Amino acid sequence: MNNRLRVLRAERAWSQQDLAERLEVSRQSVNAIETGRYDPSLPLAFKIADLFGLAIEDIFLNPAKEQDQ
Numbered sequence: 001m002n003n004r005l006r007v008l009r010a011e012r013a014w015s016q017q018d019l020a021e022r023l024e025v026s027r028q029s030v031n032a033i034e035t036g037r038y039d040p041s042l043p044l045a046f047k048i049a050d051l052f053g054l055a056i057e058d059i060f061l062n063p064a065k066e067q068d069q
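Numbering follows our numbering, in which position 22 of the sequence shown is assigned residue number 22; successive positions increment by one, without gaps.
None of these hints come from the bench; they were simulated from the model. All of these numbers come straight from a predicted model, not from anything done at the bench. Take the hints with a grain of salt, since some may be wrong.
[What the hints assert, rightly or not] Below, computed lysine to any residue pairings styled on SDA-like, alpha-carbon distance capped at 25 Å: (1) K47 - F60; (2) K47 - L23; (3) K47 - M1; (4) K47 - G36; (5) K47 - A13; (6) K47 - D18; (7) K47 - R27; (8) K47 - P63.
Using the sequences and the hints, build the whole thing.
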C-alpha cells in the first residue's frame, strides 16, 4: 500500500528510529511500512494518523483509487 509516511516523517526531521519509538514499534517495521512491504494493522494505522494529526486516508493511499485517476 502506498503511503506518505516517509514524507510526513521527513517534514518533522524524525528518523525512522524516532518514529518507531513514538509508535512503539521497531525501526524495521517503520521501514517496511514506508516501502510498502508491510501494511500496518488498523490499530497501528490509527496510531500513525493520530500522531500526525491526519485522517488515515490522508496517509495511506488506496491503490484502486490511484488507478482510476
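Okay, the hints, checked on the actual structure:
1. Only pairs whose Cα atoms come within 25 Å are accepted, and K47 paired with F60 is accepted, the gap being roughly 13 Å.
2. Pair hint K47 plus L23 holds up; C-alpha atoms about 7 Å apart against a cutoff of 25 Å.
3. In summary, the hint linking K47 to M1 is supported, as the alpha carbons are separated by about 17 Å, within the 25 Å threshold.
4. For the hint pairing K47 with G36, the CA-to-CA distance comes to about 18 Å; that is within 25 Å, so the pair holds.
5. With a CA separation close to 19 Å, the supplied pair K47 and A13 stays within the 25 Å bound.
6. Pair hint K47 plus D18 holds up; C-alpha atoms about 15 Å apart against a cutoff of 25 Å.
7. Proposed proximity of K47 and R27 is supported: the alpha carbons are some 16 Å apart, at most 25 Å.
8. The hinted pair formed by K47 and P63 meets the criterion: a straight-line CA distance of about 21 Å does not exceed 25 Å.
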